[in-house]
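Residue numbers (the numbering used here), protein chains in the order written: chain A, 166 to 466; chain B, 166 to 466.
Watch out, some of these pointers could steer you wrong.
For identical chains, the list gives no copy identity; a pair is met inside one copy or between any two copies.
[What the hints assert, rightly or not] List time: in silico SDA-like cross-link candidates among lysine to any residue, alpha-carbon distance up to 25 Å: (1) K256 with T203; (2) K335 with D389; (3) K266 with E225; (4) K462 with R287; (5) K463 with N374; (6) K463 with T258; (7) K266 with K443; (8) K187 with I433; (9) K256 with L442.
Calculated directly from the structure, the hints in this document are not laboratory data.
Number of protein chains: 2
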Amino acid sequence: DGDSSSAVVPFSFAFSDFKLVKVLREDARGKLVTLHGTVGDKDAVVVLERKAFDIPVLEECLQQTTVKETLQNDVYSTFDVYSSGSIAHMKATLIHPATEKHISKYSDREPFIVRETPELYRSVVLPSIQENKFSFQWVYNILEKKTESERIVAEDPDPEVGFVMVPDMKWNRENVESLYLIAIVHRRGIRSIRDLRQEHLPLLENILNKGLAAIEEKFSVKADKLRIYFHYQPSYYHLHVHFTHVKFEAPGTDALRAHLLEDVIDNIKMNSEFYNLKTLSYIVREHDALYYAFQDKKYFV
Amino acid sequence: DGDSSSAVVPFSFAFSDFKLVKVLREDARGKLVTLHGTVGDKDAVVVLERKAFDIPVLEECLQQTTVKETLQNDVYSTFDVYSSGSIAHMKATLIHPATEKHISKYSDREPFIVRETPELYRSVVLPSIQENKFSFQWVYNILEKKTESERIVAEDPDPEVGFVMVPDMKWNRENVESLYLIAIVHRRGIRSIRDLRQEHLPLLENILNKGLAAIEEKFSVKADKLRIYFHYQPSYYHLHVHFTHVKFEAPGTDALRAHLLEDVIDNIKMNSEFYNLKTLSYIVREHDALYYAFQDKKYFV
């Protein structure tokens with residue numbers, strides 16, 4: 166690494182002296198970019214990285230910001246956050262008013278890997294999902310175009326195989342290399358991949374084909390750059406598919422949570438009951454409703 | 166998620182109205198922090214995240230910065246980068262003068278997702294693996310205790326179902342929350358999960374059971390904290406299993422690379438030919454041997 170055959174003359178550096186030649190690497194998740202450029206008549210490499218937040222001075226830091234709302238839906242709002250000048254260096258998602266459930270969902274909690282057998286699904290997980298009576302009103306708002314309609318990337322109104330594709334809140338819609346879209350099915354009552362059988366193949370193949378076509382048309386991103394997957398467990402129990410750019414290390418792409426759509430299709434084709442019979446491994450965290458459900462059944466020893 | 170039983174009154178938000186109660190979660194790698202606070206008399210959750218760099222305006226953005234040197238060593242310098250005010254929101258590493266080697270090392274190689282059918286495995290991948298004639302001498306040195314013997318965590322000398330478990334180089338062996346161990350099988354000639362059939366179940370179950378027992382005994386880490394998986398493609402074609410702590414975001418845990426050992430066992434039990442018949446998705450990168458192999462067969466369009 167320390168290849169310094171020519172003598173290094175100390176110099177004082179400012180970015181006004183740096184002429185960009187090429188972006189060598191972008192890490193959207195790590196908020197990092199690597200640049201090739203020149204300083205004077207010599208080549209230079211710059212690794213530029215946003216800093217992690219400094220907790221002790223965070224409040225003071227936030228006092229100096231202004232915000233501009235970018236989206237509002239139900240209790241959720243998103244903002245661009247400006248510390249000064251005309252370029253926003255931060256973004257924020259606000260949940261207000263927030264319930265205990267929201268606070269717990271966004272907290273760091275001890276993880277446990279669960280091996281969910283079909284029997285555990287029926288005796289522990291399904292009753293817990295049914296008991297929690299999640300509201301899907303915000304999902305129906307999107308499907309019925311009451312909110313976010315101007316953000317729709319693709320849609321197929323068919324009640325059996327149709328879906329609406331919208332950008333995920335984690336994507337700014339500017340940089341295609343951090344592309345993150347969600348396809349939400351119109352059909353109600355499919356909670357997760359656990360419910361998928363042969364009868365759903367036309368729905369799954371429709372999402373795959375029309376989703377890919379729309380993304381290529383609108384963003385010029387091809388199939389070989391797209392990670393397409395379900396979460397199990399999902400964060401809400403109305404079937405939806407994640408499309409993320411392969412260069413974007415989105416949260417929830419771990420093998421303990423992400424199930425590739427094409428694998429799901431293949432598995433169901435091989436055996437319609439695959440997801441009715443398969444033991445599925447995933448992480449539950451302390452204070453999750455599911456954590457308590459498993460604890461009640463003495464799953465953890 | 167959308168628990169909105171109470172009517173939501175639109176309001177205009179500024180961080181000067183936000184009173185911090187507690188930091189719920191910090192993600193230093195993702196430059197993200199989750200906060201619990203209050204706005205008025207109601208609870209609020211804020212997810213605050215630095216933005217990824219916006220390449221089109223990056224140069225303009227950099228012109229407006231000032232830098233302060235924090236370190237200088239040979240061709241390497243590091244800086245705090247201020248866009249304004251007294252708090253640095255970015256940091257930079259400068260390599261100057263930079264050689265071709267530096268530029269190449271810091272460059273990204275373009276990723277492509279491949280859908281490897283059994284036919285593509287036989288016609289493209291297997292010939293490429295065989296042509297490359299990887300040396301396994303370093304693996305055999307470990308198995309024969311010629312190197313790293315003092316590092317062995319578990320072993321079973323049986324030639325059919327035995328293995329040696331050693332720490333991965335990414336683990337410092339101090340913090341159990343970043344535990345990373347590799348179990349390497351004694352049996353030769355199993356290149357990857359593609360080769361696994363029913364006859365290998367005793368081997369796989371032996372690694373799982375004895376590996377878990379050794380980790381619990383030596384490090385007091387239980388099964389429900391361990392992510393246990395194969396890589397496909399692996400980085401070397403002699404069968405081995407990764408054991409990592411669930412809290413450690415190890416590279417290669419993405420659903421496009423990691424295959425959970427317990428899923429592999431279940432799939433083979435369901436169908437001995439599962440990995441002979443399954444299409445497997447993974448990422449290849451420009452300049453990989455496999456990338457060229459697929460390119461030669463006009464796989465990429």
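Tested hints:
1. Within a single copy, K256 and T203 get their C-alpha atoms only as close as 31 Å, which misses the 25 Å cut-off; across copies the closest is 19 Å, which meets it.
2. In this homomeric assembly, K335 and D389 come within 25 Å of each other (Cα to Cα) only inside a single copy, at 21 Å, whereas the closest approach across copies is 29 Å.
3. Taking identical chains as interchangeable, the C-alpha atoms of K266 and E225 are never at most 25 Å apart, the minima being 28 Å within one chain and 42 Å between chains.
4. In the homo-oligomer, the alpha carbons of K462 and R287 lie at most 25 Å apart inside one protomer (12 Å), although the nearest pairing across protomers, at 47 Å, exceeds that limit.
5. In the homo-oligomer, the alpha carbons of K463 and N374 lie at most 25 Å apart only across protomers (22 Å), although the nearest pairing inside one protomer, at 43 Å, exceeds that limit.
6. In this assembly of identical chains, the alpha carbons of K463 and T258 never lie at most 25 Å apart, being 36 Å within a copy and 44 Å across copies at closest.
7. Taking the closest pair of Cα atoms, K266 and K443 never come within 25 Å of each other, the shortest separation being 29 Å inside a single copy and 40 Å across copies.
8. In this homomeric assembly, K187 and I433 never come within 25 Å of each other (Cα to Cα): the closest approach is 45 Å inside a single copy and 45 Å across copies.
9. For the identical chains of this complex, K256 and L442 are neighbours neither inside a copy (42 Å) nor across copies (45 Å), given an alpha-carbon limit of 25 Å.
In summary, the structure is inconsistent with hints 3, 6, 7, 8 and 9 from the numbered list given earlier, while agreeing with the others.
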